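Asker: Chain by chain, the residues run as shown.
Number of protein chains: 6
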Amino acid sequence: MASKLKAAIIGCGGIANGKHMPSIKKVSGIEMVAFCDIIEERAVKAAKEYGTKKAVVYTDYKELLKDKAIDAVYVLTPNKDHSYITIAALEAGKHVMCEKPMAKTSAEAKAMVEAAKKAGKLLTIGYQNRQRADAQYLKKAVARGDLGEVYFAKAHAIRRRAVPTWGVFLDEEKQGGGPLIDIGTHALDITLWTMDNYKPKSVMGSAYKKLNGNGDCGNAWGPWDPEKFTVEDSAFGFIQMEDGATIILESSWALNTLDADEAKTTLCGTKAGADMKDGLRINGDDLGHLYTKTPALESGGAAYYEGESSDPGVLEQPPPMPRKMRPPANR
Amino acid sequence: MASKLKAAIIGCGGIANGKHMPSIKKVSGIEMVAFCDIIEERAVKAAKEYGTKKAVVYTDYKELLKDKAIDAVYVLTPNKDHSYITIAALEAGKHVMCEKPMAKTSAEAKAMVEAAKKAGKLLTIGYQNRQRADAQYLKKAVARGDLGEVYFAKAHAIRRRAVPTWGVFLDEEKQGGGPLIDIGTHALDITLWTMDNYKPKSVMGSAYKKLNGNGDCGNAWGPWDPEKFTVEDSAFGFIQMEDGATIILESSWALNTLDADEAKTTLCGTKAGADMKDGLRINGDDLGHLYTKTPALESGGAAYYEGESSDPGVLEQPPPMPRKMRPPANR
Amino acid sequence: MASKLKAAIIGCGGIANGKHMPSIKKVSGIEMVAFCDIIEERAVKAAKEYGTKKAVVYTDYKELLKDKAIDAVYVLTPNKDHSYITIAALEAGKHVMCEKPMAKTSAEAKAMVEAAKKAGKLLTIGYQNRQRADAQYLKKAVARGDLGEVYFAKAHAIRRRAVPTWGVFLDEEKQGGGPLIDIGTHALDITLWTMDNYKPKSVMGSAYKKLNGNGDCGNAWGPWDPEKFTVEDSAFGFIQMEDGATIILESSWALNTLDADEAKTTLCGTKAGADMKDGLRINGDDLGHLYTKTPALESGGAAYYEGESSDPGVLEQPPPMPRKMRPPANR
Amino acid sequence: MASKLKAAIIGCGGIANGKHMPSIKKVSGIEMVAFCDIIEERAVKAAKEYGTKKAVVYTDYKELLKDKAIDAVYVLTPNKDHSYITIAALEAGKHVMCEKPMAKTSAEAKAMVEAAKKAGKLLTIGYQNRQRADAQYLKKAVARGDLGEVYFAKAHAIRRRAVPTWGVFLDEEKQGGGPLIDIGTHALDITLWTMDNYKPKSVMGSAYKKLNGNGDCGNAWGPWDPEKFTVEDSAFGFIQMEDGATIILESSWALNTLDADEAKTTLCGTKAGADMKDGLRINGDDLGHLYTKTPALESGGAAYYEGESSDPGVLEQPPPMPRKMRPPANR
Amino acid sequence: MASKLKAAIIGCGGIANGKHMPSIKKVSGIEMVAFCDIIEERAVKAAKEYGTKKAVVYTDYKELLKDKAIDAVYVLTPNKDHSYITIAALEAGKHVMCEKPMAKTSAEAKAMVEAAKKAGKLLTIGYQNRQRADAQYLKKAVARGDLGEVYFAKAHAIRRRAVPTWGVFLDEEKQGGGPLIDIGTHALDITLWTMDNYKPKSVMGSAYKKLNGNGDCGNAWGPWDPEKFTVEDSAFGFIQMEDGATIILESSWALNTLDADEAKTTLCGTKAGADMKDGLRINGDDLGHLYTKTPALESGGAAYYEGESSDPGVLEQPPPMPRKMRPPANR
Amino acid sequence: MASKLKAAIIGCGGIANGKHMPSIKKVSGIEMVAFCDIIEERAVKAAKEYGTKKAVVYTDYKELLKDKAIDAVYVLTPNKDHSYITIAALEAGKHVMCEKPMAKTSAEAKAMVEAAKKAGKLLTIGYQNRQRADAQYLKKAVARGDLGEVYFAKAHAIRRRAVPTWGVFLDEEKQGGGPLIDIGTHALDITLWTMDNYKPKSVMGSAYKKLNGNGDCGNAWGPWDPEKFTVEDSAFGFIQMEDGATIILESSWALNTLDADEAKTTLCGTKAGADMKDGLRINGDDLGHLYTKTPALESGGAAYYEGESSDPGVLEQPPPMPRKMRPPANR
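Residue numbers (the working numbering), protein chains in the order written: chain A, 540 to 870; chain B, 540 to 870; chain C, 540 to 870; chain D, 540 to 870; chain E, 540 to 870; chain F, 540 to 870.
Hints in this document: simulated from the structure, not taken from any laboratory. It is possible that some hints are incorrect.
Any copy will do: because identical chains look the same in the list, a pair fits if it lies in one copy or spans two.
Unchecked claim - In the DSSO-like style, the derived pairs of lysine-lysine whose C-alpha atoms are separated by at most 30 Å in a straight line are:
#1 Lys-679 - Lys-810
#2 Lys-660 - Lys-679
#3 Lys-619 - Lys-740
#4 Lys-748 - Lys-816
#5 Lys-810 - Lys-767
#6 Lys-748 - Lys-678
#7 Lys-639 - Lys-545
#8 Lys-679 - Lys-601
#9 Lys-748 - Lys-679
#10 Lys-678 - Lys-810
#11 Lys-584 - Lys-565
All figures in this text were calculated on a predicted structure; none of them were measured in a lab.
Next up, chain A with everything else stripped away, as it sits in the complex (with noise of 0.2 Å):
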């Protein structure tokens, strides 16, 4: 491992701090060299803590994009500045990590795969969940042929009152959307990925603001404030899929249920069925018998660079997972 992967980082907010950054840090092939922030003092920051000790700074992307020695760019900029900046990232030779949602736009996520395509780089978005150790197993499993075909799956996005107080969440001009683009996708993601169907035929859906009104009910991040919560609180979807698959998508941020469950899917197949309600448990029939199989996955949450990655989308290569024991006391 003499020479290490040299990336870059555009954007240097809630996100980079939050998740990448730090995470990145702790993967031993790979360096920021880079860090650009329209906000200087951000991609400063940032290069103190996370850089190496000749990192740059940058507060415009295209300059920092005529670097030959960045071999990988994260785009962790707001949604609506995703897509150009990915375009612009591919066309300049680097491989992409851009965060989700994707893009805006079919249209602009659509050019982004051209763009990778024709660069022959690497484009992933950031779906951290299927980085879990459920998510791996099932796709796994899935990939076996264990379930057979699967041809019903529910995603699962429903909070009882979790609505995010900070930052733009609430706000639908400027977020563009709630639970639906928030945390449906990353239910919606696993499903389609452990699914590996991706072609929807056509969808029905519903999408409600309902509870928005009543900022004071429990929320898991104290009230929020009526008026800024424009958003829808919940949505709803029916798709059915090319092969004549039906996916139910349940995605909310408030609602008046007691079947909360977040960035799960259920699936069913042929041949076995999966879900995640109490952990990953596989059902099916064999020798004339229902059975129910539960694997042990110590898996320690949803972050993104947990786990071993198996995809080849994903740019970062942690080292094996470190499994929760550790060595006991007595010897």
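Chain A is fixed; fit chains B, C, D, E and F onto it per the hints.
Answerer: Using the frame of chain A, we list chains B, C, D, E and F on its own:
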């Protein structure tokens, strides 16, 4: 109670013997005075077992309907005969209790309602789950406004492996449908009824025949014959109502899932929500905190004749539900 | 099924009345045509209750064996008489079902097997636990190779305080042994049978009489008479098989332990393991993770005649096990 | 406490740094005045971190033993060096605490005991599980006669997949054995010690190497290298003691089982029994009924230096175990 | 048992038919030879059902008492008649079993005890809870000194909503009291009896009529008639005994509480304590640790005639309690 | 918040350092400007750690009270000094927060209240349990009328073995009382405060010294010295209020019970009841059924400064309680 309601049974087969006749016999204000079946001996047997001493037997329902002494008629025939017999009975001036499903087509069903209105007689359909203590409590709570506006709901009719192997349940031609019309209709009924919302605007749905071919797979009533299992094994729907509410309907006789739930509803309203997953549970917020409220219902199952009737559409008026506790042994 | 198997009962005492005769009566392809007991009235009573109309009664089993119409014989006598009657029956051309334990000595047992081979008739021993759903499933799973090579096992027959106080169970002279030959033999049988490994190489064991003197100690069937409790109260063994496998056998009628478990086996193989501690559980590793697999078996206890026979050595062929669920009340 | 016990450490490697030195430092009546290791820098580092200001460093243990000021010696070297260093230390007039296992051969162990007797010095072996609250309570209860005569016992040292992948644990040549000598010896020690029974008469045992070849199977510390795993993966024994008692010993680092239990004992006596399966539980009969008695032990794990020493063979005399509860926040 | 105890029943109403007569019939050493009721047909019916062939019927208890053949009398009349009939029976030389409550006034009760002493006959009151296995065990444990001096206790007779709606339970005039004298007296009795402490010094108490007016509130036996519910709904007391002990008594038929508990006691002594909250549990300290001890009692409820009598005041001597386990099916 | 409340600490001992000063420091609208202790160095240390830069130190509280800049005083001295210092502070025109117990005698307490009224200043006592989320919710629910009239209650302050062994807790002379005044007063306070009922009519009580002599019995903070344990170990009371309500008070530091519960209340009202046995639970009846309602309170324990203050008597106004959930890791 000088004069009892005089009832007639049309169709003395499985559902009559398994559910209706033994139950009616326990209700004090009603007596069975006439029995009709195209197989005469079945009518004769029923009359002996359940009828009054002077009970009359028919093989032609038209003859039965001429009997002026009859107040009410139970239509317990195969599905295809529900509509025209019900209409004839109403026109003959009888109240009617018709088994579910109401009819084979929407047109037939509408004609039945029209006939009831015109005749000024009561018509009810055999949705006994409405009489369960949990459904009754929920109906009252919604009516009182406890849940506010109910805008999202689920109708649960999911079995893992409980395919009925007797009768004609599996025969698409004779039965006309699978879990959707058999158990799905029960779940949908208590959903619509507790919501008090009967006007759909648009519907999208999927039905599958995926497990039909694997007969020996731990079915509750033993292996089925794959060749005879011609109805769907599962069906799912997404319904948008005229007032904007959304209902998700899930039904199956066989599905690879651990989330089996039948004859249940989940409601999400602007003030509170409710489900029946672990008994009836109401959830909402109060004094700035989330809460769960669990009524102690001593529901003795799903039998039609249990519970007090609160619906004018139901003919029988059983005595108050006997609570399950007996006087303690120690005085 | 024009002609039914014609069976004779030799020994119309406790085990015949408590287990065999009522059960055989429920099996469709067999009928009891002859009954023998040295106490004639017991045979007469049995014939009336369980026999065909023309059933014959004997007090001498030799006379019974002369009856050409008899296909199979149940040897339900005291243990000491098992061997010679079984051999005589086989020589008379009958199939034999002999109660456990097979015989008092190894030599007697071998002679029985020889006689069966020579006569070309079926001989089976009354190990009804093989017919339990969990044992059946495990047998099939091991046979399919799911556990790999089974090299370590335990046979569990531990009771905390369940000393049988009736009959001659406690009398060493009459019974010939305590928990080891009574319940230990059941546990060992399902262990050997599911392993399909019957060749021991060496054995080490211990037997104790430690609690015999303390009769009033919470026994399941009330206090015992210390003077009459002359068999061992517990016995333990360590068995090495010819192929290198090890089996630990634990049996007791009374032992100061909280780990009571009876008629169960634990198997550890190169691919997976299995136990019956909380229902049947298979454990192993898959895709780099440990897993537990729990078949949903509706085992209705340990009765001999439950479950489908998969063993050619069993005479009775009962109909498929009726699953425990009944058609639901709501149609 | 004018003068503290002066201790010396011989062997400043893993077990010294991981267990002994940090723990000794917390004990008030003892101080570390000398450190020896053939790798000098390890001794120097230890002296700095744990020693008194005037602590001396050695690379030859013989030199260390000449120091008259030293009262006691900790022998924390590789197993092969335990015996001769211990004997030399005793002969030099020091008390000795030698890590487990005591020695490689029975002869070596006997020589150590002889040396201690001759020197009139204390010799103790590092079986820290004796200091656990549950073991201490059980020891006292047995000594008081609560269990009567203990005639059957089990020593539990079963891991499902917790193969130590560091150090030389897996190397048969260097380590001299697998789970039997590493964790099996702990389980056997608390069994023998609580029974107060150290005289075996005959033993039968089996050891296996069955799972060694399957390295990626959910091991607690990650996959192992099959080629380097040359010790046994499991070992089982059946021990008959001189007084007639039987002990079953089970040990494994990898076994397909759900019944993992380590450093525990089960005892069955004539008056009562005990196990540690769900905390310490005593079971027996009283006033004609069975009972279970569960002491509330606040055992903080298995650390050597926890708990009050009740064994004269242990050098350290820690202060009374700090109970786990802190003074409540509300005064 | 050549001659059986000859018993007479005075009062053949509810408690006689529901509890005493069917139970006495199961006891081997006693037979019912005389029956008295002011409603003759009730006595006749009882005699037929439960009496010996020559059983005599009376309508005047004084006539009955003249019968020299009668050994013992059951006084099962309304409460107001308990005292004078009991005294008359004792004076006539009969043993007496009188239903609880003993009498309406303290003076009456004292006169009954005096009469028994004078006559030299046995007098017992119908406190069947003393015969429960948990009460028996606790009584013996306290008597043996296991709890030391019992100085604080609670008598539990709290129902949430279990108001008896039949008979005259709710009628203050006819019944003389509510939960305090009906179920509170049972709880207090087992408290005093297990403490073996019957001398109160001072008492303070409160009684309430707070929920009487709300009849339809989930009562176990259906809604009550508020106008007829004239006794207290709850009553609480604080009793200081002559020896310094304190007893708290809690009783209710309806109370807004989740802590319902009936016919139970809690004892706190200097050596140990006991309660019946989750079966009988003894708690104390031993070897420097707290412990809980739970006897395995197979109490089959609270029926009077269950359990072995250990109280000389009880007339019936039933055979040893049949334990609940049956011989296992597998021999 | 240009000007902060200026507070002074009188008494810089255990309760000041353990509870008040660190907590006040976290509250934004208040600053500590003066510290008084008869041991000067304690005051100096406190001033450095918690005070403003210009904080002044006193050894005489009278001098401190002359400081005009001080708005409020915390009286954190030994109990005997509470009253006169509080009165002096009020007379000096300060608000006062005085630790519990308020005073040693009723007369002292009344004088304190009088002084506060006369001075027109706020006086509050350190009952921090009122600030717990469960107490706050219950207070509001009772005030809204949810429970109707509360006529029966229990104040729970029972410890099994949690005798405080530090300070002067056990010294009757110095401390003035045991569990009754230390933890009993907390339980009684939240009972009276949630009931909003402060007028007792009559009281009966018992106090015991029964376990004092048995020091080594599993105490939470280790064995106590029997000779120094001179306060009562338990105390019980029965209180009748002027309006007819009854309150049972139970308190202990050591009692042989499994029903330990501290700083909790149980209320029974005419409409509903409440307890804190498994979190806060409201119970009552609704629509003809009993119900349980459980608010989801994220109470982080019993600390004084947690929760929003709703009581005007509390000086500090902390910011809204930070709920326990953190923003999820996956964005």
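Asker: Compare the structure with each hint and give your call.
Answerer: Okay, the hints, checked on the actual structure:
no.	hint	in the structure
1	Lys-679 - Lys-810	both (15 Å within a copy, 19 Å between copies)
2	Lys-660 - Lys-679	within (25 Å within a copy, 51 Å between copies)
3	Lys-619 - Lys-740	within (27 Å within a copy, 35 Å between copies)
4	Lys-748 - Lys-816	both (27 Å within a copy, 26 Å between copies)
5	Lys-810 - Lys-767	between (48 Å within a copy, 20 Å between copies)
6	Lys-748 - Lys-678	between (35 Å within a copy, 25 Å between copies)
7	Lys-639 - Lys-545	within (22 Å within a copy, 49 Å between copies)
8	Lys-679 - Lys-601	neither (40 Å within a copy, 59 Å between copies)
9	Lys-748 - Lys-679	between (38 Å within a copy, 26 Å between copies)
10	Lys-678 - Lys-810	both (15 Å within a copy, 23 Å between copies)
11	Lys-584 - Lys-565	both (18 Å within a copy, 28 Å between copies)
Hint violations for this structure: number 8 only, all remaining hints satisfied.
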